[in-house]
Structure formats: C-alpha cells, structure tokens
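Construct all of the structure, not just a fragment, from the sequences and the given hints.
Chains A and B, in that order, give the protein sequences.
Under the numbering used here, the residue at position 111 of the first sequence is numbered 111, and the numbers go up by one with no gaps.
Under the numbering used here, the residue at position 349 of the second sequence is numbered 1349, and the numbers go up by one with no gaps.
Any given hint might turn out to be false.
Unchecked claim - Derived CB-CB ranges, DEER-like: (1) P1113(B) x E180(A): 45 to 51 Å; (2) Y341(A) x A1482(B): 23 to 29 Å; (3) E237(A) x A1319(B): 15 to 21 Å; (4) D373(A) x E1478(B): 33 to 39 Å; (5) E1048(B) x G283(A): 53 to 59 Å; (6) G1436(B) x D240(A): 48 to 54 Å; (7) Y341(A) x I1498(B): 28 to 34 Å.
Quick caveat, the hints were computed from the structure, so don't treat them as lab data.
Cβ atoms here follow ideal geometry from the backbone N, Cα and C, with glycine treated the same way.
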Amino acid sequence: MGVREILAEWGVKEFRVIDKAAIQEITLGASILATGGGGDPEIGLLWAYKVLDEGKGIIMVDPTDVPDEIQVASPACLGAALVLTEKPPSSEVINLAMRRLERYLGRSIQATIPIECGGVNSPVAYAAAGEFGVPVIDVDGMNRAFPELQMTSWVTHGVHASPTVSVDDRGNVTVIDTGEDDLLAESLARRAAMAYGGISWIATYPMTGKEVKEASILNSQSIAWAVGKAVMRARREHLDPIAELLRSLREERGVEGFRVFKGKIVDIRREFGSETTKGFTLGKVIMEGIDEHRGHTAELDFQNEWLILRIDGEVRCLPPDLIAILDSETGEPIRTDIMKYGYRGTIVLIPAHERMRTPKGIELFGPRHFGYDLDYVPVEELNA
Amino acid sequence: MAGTLRLGFDVGGTFTDGVLMRDREVLAKAKALTTEDVTTGIINALDELLKSSGVNPAEIGMVSLGTTHTTNAIIERRNLNKVGIFRLAAPATTAIPPLTGWPEDLKRAIGGPEFVHIIRGGSEYDGRDIAPLDEGAIAEACRKMKGKVDSVAITGVFSPIIPKHEERAAEIVRDVLGDEVHITLSHRIATISLLERENSAILNASVITVMRRAVESLKEAVKERGINAPLFIVQNDGSVMSADYAVDYPIFTVASGPAASVRGAVYLSGIEDGVVVDIGGTSTDVAYIVKGFPRESSITVTIGGVKTNIRCPDLLSIALGGGTIVKHKGEEVVALGPESVGYNLVRLGKAFGGPLLTVHDVAVAKGVLTERLDVFKTDFVTHPEKIEALPKRLVENAWAAIKATLEEAIDKMKTTAEPVPAIFIGGGALVVPREGIAGVSKVLSPEHFEVGGAVGTTIAEIGAYAEGVVDLEREDREEAIARVIEQAKDNAAAAGAIRETVEVMDIEEIPFTYMPGKREKIRVRVKGKIFA
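Here you go:
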C-alpha cells in the first residue's frame, strides 16, 4: 500500500506535500531547536532529496487526522555522528528495520513519527517515510534533541521504546524488547550500534495513533518548519534572524523565547567520556560578551547538547529548556561538535514544551539526571 | 642547485604579478595582464622580469607560482577530464550515490553517471571490512571504461584511517587501464566525511590534465630562457609544493592566490602571528595568521558548486575598499557600501571631481594620503577644493564608521583577547585608519605590499598534515600523536621538503561524539624547508 492509499483509507483530505524547499526549512528549524546537538544535517538532507528525485512522495499529516487504532513507529539513526558523516546509510536500512518491527509486532506500520528535532534525525524521518511509503505525522518526542533514546515525552506519558529493531547496512538485525525498562533499551541499542561499527538504524517506539496524540509533542514539525522558514526569510530579506525566529515561536507555539546574550567563544574545555558520563562528550564553553553585553561572561555546560547556561555566575537556563547559539547574521545554529574558539553568536533560550516539563520529565531529563545538584526552574522564571 | 635567486608569480583576476627575489630583497617587480590561458600571462611577466633585472638566468634557483588554472577550469567547466568514479562502500552508503547534489553541467563535463560505481568494500572505523573488496567488480567496471575515461577517483569508507582498500583498488585499475589513466585516491586528498572527500577526489581527478599541461608548458618556457631551477606551486595553506607533486594534486591549488597574499604579507613584515588585512578597491580580506600560515577554514568549501572538504585559508571578506561608497544623510553616515565605484574611482570619487563620496575621499580629507602609490597611474587627488568643501563632521563620522567596520572584522577573526599586530596590504592599505584600532597592537604596511602575493610564492616552505584516530583506552596518547607526526613528516617530504627540516606547527585533538570510550581524532600540521 502506498502513501496515497493510506491517506484515502484514513479519509484524510488535507495534508502537506513535503518538497525539497520544505525539507530544507524543516531541517534548519529542527537544527536550531536541537539545542547544539543532533548532528550535521547534510546526510539526511541529501537522502531526502534523493528519495524525492526518485518520485517517492513525502507527505505530512496532522495528528488529529490519524485514526486511533493504527500502528506507527519512529525511524531514526542512533550512534556516533562522526561515523555517519563517513558512512552514509544503505537506502535499505529503514525498510529493513521497519519490516522486521512489523514482523515482530505482527502488524503493519502505517505512519512514521520523528523522534526528535535534530540535523540528522529530522530529515532522516522524512527520507524514511518516503522510502517506506507511509506519511509522517506532525509530532515528535522532544521538540528538541536529547542524547538518549528514553528522553522523550512518550516515555513520560507511558509509551515505551520497546520493542525496538536496530539494523546495520549489512543487514544485521537486533530486536530489543525490554518491556518498560527504557534505560535498558537505550543501553542495548547503544551497544548494538557500537558493535555494528558506530552507527545503527532503528525503528522504535511502536505505538498506536491514540498514543501518538496523547504522548507526543503535537505539531512539533510545524513549529520546526515555521522556525526554519522565518530564518530563511530573514536571510533573504536581510532581517534580524533572531527577531524573526522569536516571532515565529510566538506565532506558531505561542511561547516567548529570550535573547539573552551576544558574545564570542573564548574558551572551550572538553572532557572525554567515561563510565560515569556514559561516553558522551561533555565540557564547558566560556563566551565573552560583545556589543551591549561587553563586560559580561556566559558559561555553557554541554553534554552533546547545550545543557546549562550561566551569565555572570547566575543560572539562566536548565534542561529540558532549550539553549541555542545562533550566528547573529545568518541564524545558523552553532553545534557543540563543531564549535570553535572565536565563534560569535547570540544565545537564545526557549521554554521546553509542557509535555517535557511534567514531574516525570524533570526526573528523566532535568538537571539532576545530568548530575547537577540543582532543582529545575523554568526558563521564564530565570529570565523574568 | 643552480643559484640563489627566486622567481615568484601570482595570478590574479586582472593582473599577473611577478617578482625576482634575492633573500628578502626584491630585485625586480613586474605586472602583466592575466591571459585566458593563464600561462601566457605568466610567461609575459617572466620576460619582463628577466629584461628589467638583467640577471643571469643561471642564477635563478627556484621558480614558484600561485595560480588559478585549476579553479578556472572547474568554474568554467573547461578542459576537464572524463572521470571514472569508484566508491568502495557497498552495501553501505547507497542512499546517497556519488555526484549527488552536483550541478548538471559539471556532471556532464566529467562524464556523468555512466562511469559511477559503488563497489562492495570499505572499512569500519575500527578496521573491520564493511565487506571484502569486490576486486572482480572493479576489473569489470574498468574494462567497460577503457578508452572512455582520462582519470579515475577512488574513495573508500574510512580510508583516511584505513587506506588498504583504496590502494588495492588502485592496483586493479592500473592493471586494467594502464599507467596513462591517472588515479586519485581520496585518502591522499582530504579527511573524514565521505561525500565531501569523494567530491574533492573527483574534482582533483577532473583537472589532472589541466595542471599537467600548465606545468609542462611553464617548465618548458623556463628552460627555454636558460633557467635551470625547480618549479613550485603554492598550495591552499600558503606553503608550496613541487610542481611534480602538484600534477597529482591540482585540487590543492584552488585557494593558491589568496593564500600567497597572506604569506607575502607575513614575509615582508616579519610578523608571524597576528592579522593580515588585505584592502582592495571593493573589498577587504581579513586572515588570522599563526606561525606564519593562515588559519584554516573549518567549514566546507564550495568549488564550482560542489561541496568539498579541501583545506583552505579562513578568510573573512567584507565590503570595504578604497572605492566603497559612503552613504550619508547630511553629516550622518547611513552605510558603508556595499557598493563600490571600483576602478571608476578616478571618475566618480569626490577627490577626482566626481559626485560620490568614497572611502578614498574620506582618507584624502583626513590628510592621511600624502603621495600617490606606484600601482596607481593618477595622483590621489585632482580636485582638492571638492574635498575641502566636505563638512568636517561628515568626514569624522565616516572615518569613525570605517574604523568600526575594520575593528569588527579584525575582532571576528582574532582568537585571542590580547592585542595583536596587524599587517595592512593591498592597494587600499593607506586609505583606512591605522591609529588606535581596537585589539591591534600596531599596524604595519611593509614595502612592496602591492606585489605581496608574488613575494609570498617565493617563501621556500612546504606545509603538510596527517590524521589518525586513536582509542585512548587501548593506545597511549603520546605514542599515537608521535605516529601521526611521523606520517605528516612523510607527507611533507613527499611534497618536496627536506625531511630533517620538518617541524610541527600544531596538534589538534577532536573527540568522537555519541560514542562510548575515549576515541579521538588527531590532526598534525607540519612545515619543512625546500633548501637546507
């Protein structure tokens, strides 16, 4: 069954056709919301372009149009971003992972849901939908990027990552079924990726249409799209990309972001992963203020994504709220894996989605989870 | 060695500059119009230099050039080779085949998808095979390409760390296609990031003949004039490589010109760390120099519409030059440029009786221009009354705006909070503020800065680099770094340096993200001398 037949069966009349321009805008927006992580968009974008060039349509539907009983799953890349840039996927990986998940579930998968906002996994979700011939639902599990599989609104709302199917380019398949233990699912999926050679392709978070509506960040794709569109327009029309970005968040999500600092990276201290850090890159970045922020200092902790911001020693943002450092002229996000001494940027803070801020959410991805002896305080209060 | 004099040429968009050097002394300078074939312009400048200096050609010990042969051929899609393309990667990577995202005309110019093959092979980061190399498939594909391709580009997954599949594939290609078909191996061209490295390798393969012809005709021209000296080409980092090496790696010359200018500024000023500000008529390039070389760009470099990861100098270009128009409302400056009157300065600028206020005019009004530069045919002001009529406040405001623009550009490129020296070169070097520039300890404009690029080609230093991946849980860090240093020194020697003179410039360690363990990439840059 193709994507159009699926839509006909659901009785969906309104949907959005995703073309190359759209995928580019969505990916830029997602990269900004990825809060410094999420990897390099290039591979995912080129894959999505190829899928479109082959005439495979990519279509996005609103979650309210999705029937309650259908089966969906999230296709994603899990592993080392650097390996991905050297070893792009086989065009078969997603189909293989999805088919094996279907076989394990005994049900056919009728739509995909992006797992996060990120340079890699956002365009990959669209390419995967095109390859697999199903629509993308306008939701995700974070509306930002996080480093681990279990850090989703799905988990905090009672949906679990298991069963997850993890495959590699050579056709190796690992089925992970840890029931409600999502941390163990993450750990096993990470190990499978390392054993494969650094990168795995997964079909994860199988859930019903009803669960999608109850547990996802709704319309998160539209939010990323609006953000990307706004920044692209700012570039074309020589407007302030930060102002346009903040405006788009106001209009699309009804939230107020904060432009808190403009500065230049003057120090980067990286630490290598160890047992206690689960292998993630962590460190600290110091920015010295420029222009109206001259004389002030910003300090950012990162664990793949930006985590905590302090300005002149005062905490201004805590996870799961979003931190983005954007090039002041182009609005291009600066990622933790490519930032360099001397980069100049504007720091923007964005409140996390309310579904990420539940008590369970704060427990799973609040400051204490990342090893800080700090209580979560919403970014709105820290910047009142 | 024949002699101690050095000849250097810098091919620019309009002029090809030449210099004849003895140690640090400029014996002669020449400017010839750049010609369409590039080579003729160089030969014209060469003849002018020999004539004006009257030196004995036998005294010349080195000839070097910064050139645009390669860049022009790719941008204009002219005289490109037909390229056989092998990617050693299947079953991985098929989602994005070679040439994805290339402009259609460029794809056609190099032969198109007919010669593209994704072959089973390539490595994982840890050294395992993705699949055993499918040698039969390579031989089979070569038989079909025979007589149809001029060169071959081979790119294997993780070849910068594990080159064995690329090397084996090259043997098979050579067996079937013979020695006349040139082979480019991606791991000799660029680093991790498959698609960009593959693009770089394919582009390199496409300009082999262009570079070979250029080198051959220059060698011949030099020889005909009684010069018995080796030929060198400036590479992207501003160091040089022997011409015989350059014919295998023409892609290393795409940023040859700007890199040579930066190196010339360093050489003429004697400043090794600081900023170089190259001020022209319409724009200014700012580069940060570390130990005499321009810092590298960390982002992808697009050549002829194709994304590559070729190493190029990190240059910041801003729209500020001598001809830049100062837009103002009364005494208030609204904007500097971005438009420039360019070479029409002498018609349109206030100082020449024209209607427009330019950066040049502001400099005249400020009294910083007191004599004309050799490179300009006219005096710096022909209508002093027009300059005198300018409101004093406007001149001050414009001068402050120019200073602020320069300061911001310099600050963007600086990576230290300490003040650093700045070298101002180019035709516009004297028309901008030089006193009290924020973040700058002193401003210099050394003699001969107008032929700085040509001078920059004559610095007999060779740069090279190497990379490796290390698992710090298994291998000692110091040993791993030493291993990469040795590789970099070998690479410098291959490019023409005397191995004993090669020294380390910097060591960079980049951790792998999203991967447990303590893996990191080590990158070492070195430089060595051509003459003992």
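Index of numbered hints that the structure contradicts, given in increasing order: Structure breaks hint 6 only.
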